[in-house]
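Novice: Using the sequences and the accompanying hints, generate a full structural model.
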Amino acid sequence: MQLFPHSISETISKRYFQEIDSINQYNGIEDFYNIESKLLFEIFHLESAKAKKSLHEIIDILSIRFGKQVIKVVRNYFVILSSIVARKLLDNQVPSKKAFAFNLACADMIENNMKDAEFLQFADDLIDFYVYFIADRKQPTFRHQTVNKVIMYINDELENDLTVESIAQKFHISTSHLSRIFREHVGITLVEYLNVRRVEESQYYLRHTNKSITSISDQFHFCNQSYFTRIFKKYTGVTPKHFRDELHHEFYRFEIPENEYEHV
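Residue numbers (UniProt numbering): 1 to 264.
I should point out that these hints are in silico values taken from the structure, not numbers from a laboratory.
From the three backbone atoms N, C-alpha and C, an ideal C-beta is built for every residue, glycine too.
Be careful, since some hints might not be right.
Here are the computed lysine-lysine pairs in the BS3-like style, where the Cα-Cα straight-line distance is at most 27 Å [claimed, not checked]: (1) 97 / 211; (2) 211 / 115; (3) 138 / 234; (4) 38 / 72.
The following label-pair restraints were derived from C-beta to C-beta distances [to be verified]: (5) 135 / 173: 45 to 51 Å; (6) 141 / 180: 40 to 46 Å; (7) 10 / 53: 39 to 45 Å.
Specialist: In C-alpha cells:
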C-alpha cells in the first residue's frame, strides 16, 4: 500500500525536473505569477478592461508553453483562477456557502459553455462575471444604514419574489418611508432598482445557461415574458433573445452616481 503514493511522488518529481530543464527555452514564463497577481488586483478593484488585458497576457504565455494544447490548458486554468477568486472572496467576508456556489458555478460554466473557437470571448465573459459578483457583494456606503442593508438583502434574496411591501416588512418600516429614503439616497425608486438588479442577474443566465427565456423570466418573478422583454430592453437596449444570440453585446450594469456615496 505504501508503494503507490511513493510511485506518484516519484513520477511527479521526474516530471518536475524535466520541466525545469526545458522551461528556459520559453520566453516570458517568469512573468506569469506577476501578471496573475496584477490580474487579481484588477478583478477585486472592478477594473474589468485591465483585467481582461492581463488575462489575455496569461493566455499568451500559456500558448507559448503549450502550443496546440493551449485550449485544454486554458480551460484548466480558468477553473484554477475561479478557485483562487473564490478563496479571495472568503477573505473579503463573503459567506462560505456563496463562495463555494460561486466556485461550482464557474467550473460548471467552463465545462459546459466554453466553446473552443470562442475561448478568448469566454475569457472576457468570465472576467465580467467575476467583477459583477464582487461588485454586488461590496458593502454599499450610503449615509442611511437602512438603505445599505436593503441593498445587501436584495442582492442575497433576488431570486425570491421581493416587493416593496415585503422588504418594508422585513425591516419593520412603512412602505412610504422605505420608498422615500431609497429614492433619496440611490437616485431611483426601489421598484426600479429591483427591476435593474433582476435584469443584471438575468443576463448571466441568458449568456451562460440553456434555460429558456420564459424560465428565466419566471425565475426572477417578472409577471410574464413580454414584460421581462420590455424591461430588459429598457435597460440593455436589446431583447433577451438578441442578448443571448449576439455575443458582442456587453453586459449592462447600473451605475450609482458617485455623489450619492458618503465620502470618508
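Novice: Of the hints stated earlier, which fail here?
Specialist: Checked against the structure, the hints that fail are numbers 5, 6, while the rest are satisfied.
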